[in-house]
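Protein sequence lines, in the order shown, are assigned to chains E and R.
Read in order, the letters of the first sequence correspond to residues 1 to 290 in our numbering.
Read in order, the letters of the second sequence correspond to residues 291 to 445 in our numbering.
If you're looking for bench data, these hints aren't it; they were derived computationally from the structure.
Just so you know, not all the hints are guaranteed correct.
[Said to hold, decoys possible] Which residues of chain R face chain E? A partial, calculated answer using Cβ under 10 Å: (1) 301; (2) 311; (3) 313; (4) 317; (5) 320; (6) 373; (7) 396; (8) 402; (9) 404; (10) 407; (11) 408; (12) 423; (13) 425; (14) 435; (15) 438; (16) 441.
Note that beta-carbon positions come from the ideal geometry of N, C-alpha and C, so glycine has one too.
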Amino acid sequence: MEAESEAATMATEKTPPCELDREEVERIRAKLVDASRMAALGGLMASIVHEINTPIGSILSNNEVMLRSLNAIEQKIAASPDADSPGLQKALSIIEMMRGLASVDKIACERISSVVRGLKTFSRADDGQPRETDLHEQISDTLKLVSCQYRQRIRVETDFGDLPPVECYPQLLNQVFLNVLVNAGQAIEGEGVVTVRTRREGEMVRVSISDTGHGIPPDRMAKIFQTGFTTKPVGVGTGLGLSISRQIIDKHRGRIEVESAEGAGTTFHILVPVRQQPPDRGAAGEGEPT
Amino acid sequence: MTPTVFLVDDEEMVLTSIRAFLSLETDYRVATFADPEQAVDRLRTERADVIISDYLMPKMNGIQLLARAKELQPETPRVLLTGHADKQSAIQAINEVALFQYLEKPWDNAQLLLVIQAAIERANLYRDLRDKINELAMANSNLREIQTRLLKAFF
Ligand SMILES: Nc1ncnc2c1ncn2[C@@H]1O[C@H](COP(=O)(O)OP(=O)(O)OP(=O)(O)O)[C@@H](O)[C@H]1O
Ligand SMILES: [Mg+2]
């Protein structure tokens, strides 16, 4: 948050009062705020991922060793001459119980692991060059992240078409998917469905994210991409999600479009070209160095 | 001779876990070090068949450690096991210390074991090759000697 106010003052100090109009000042300020917010977030995620991967690796490994050891003990007991004695029978049933617990631990760890894998995609610094990416893999990673937030309340449906590898900045696009998917979840009160559909359209790829939420009233449509526009309570929304997303899509020379029916739901269409032209310097969100 | 695995990680829990796994699955000797400098000291006196190191450690990072290992025991394969999601450091490592393998945490035990086995096999091949070259050199110099003696005897 400190970085944000710093960026804000920087922008105003460097701007001579009369040469740029208010809108321009606002636009540059917003860009700086967004860039520093993303850099801070990326850095934070990278260190969280690192802190979690080591202990998880240890637990997963121990878990496997434990399961194998239980099997070994069980075999020794089975091979012993008094395997039928009540004492050893009791031991066998304890082994069975421990095996059950160990399998639960394994599933629990794998769940943590998959969330962290999702975070990792966001933490990787952009190396400045767009690269060929399997968008479905990226979308699936992002879905893993939001599914924690959706829980049982929201069902996710995917309708993946045939996509070529797409030349893009994957972690930036993930940020867009994340923002739109989080919004979709927040728009649904109670139970609902979020659908992710992908299609190739000539030299473009279209990713459509639909929700069965409360929709957007027509008079609000024009405002949703503005930096700082939010209808959510303090602490829930900051109004940055869609404005960052639009900048990222601009950087890819793509489009982001929205259609909505009040009370029925909303669809965001994200269109990006399959190939990028030589990198567009100075656009939104340069990756942070590690 | 039982192969020796050198394992370096500043987190004791990783050392404990991998040592337990290897002792269950293999008969390798496992030498563990929470302090990379101690690992370097030991490499001066003891042969390792493979060295596996963490990346982010105090005092010395994994690449620096493996670079020292390369100087001390060039034929020992070097493996980096890292929780650091950083492609850049991986590429750097592969180039600077001729890395044998790059593994990410959380690691998969089965994969780790395959890498260790392959590394040990490679270390053995290297040593065999070196022995054969030495034998050849020896045979060659013996021949030379005989030749000299023959020449002396006849002329
Ligand atoms: N799927 C949607 N359904 C209904 N309204 C939406 C949807 N997506 C966005 N909006 C509206 O657009 C506004 C701006 O969205 P944006 O993502 O930019 O900010 P936010 O979600 O409010 O906050 P932040 O994303 O910074 O946490 C939202 O407050 C909401 O009113
Ligand atoms: Mg949002």
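To see whether the hints hold, each was checked on the structure:
no.: 1; hint: 301; in the structure: 5 Å, holds
no.: 2; hint: 311; in the structure: 5 Å, holds
no.: 3; hint: 313; in the structure: 9 Å, holds
no.: 4; hint: 317; in the structure: 15 Å, violated
no.: 5; hint: 320; in the structure: 13 Å, violated
no.: 6; hint: 373; in the structure: 4 Å, holds
no.: 7; hint: 396; in the structure: 4 Å, holds
no.: 8; hint: 402; in the structure: 8 Å, holds
no.: 9; hint: 404; in the structure: 15 Å, violated
no.: 10; hint: 407; in the structure: 17 Å, violated
no.: 11; hint: 408; in the structure: 19 Å, violated
no.: 12; hint: 423; in the structure: 39 Å, violated
no.: 13; hint: 425; in the structure: 42 Å, violated
no.: 14; hint: 435; in the structure: 56 Å, violated
no.: 15; hint: 438; in the structure: 61 Å, violated
no.: 16; hint: 441; in the structure: 66 Å, violated
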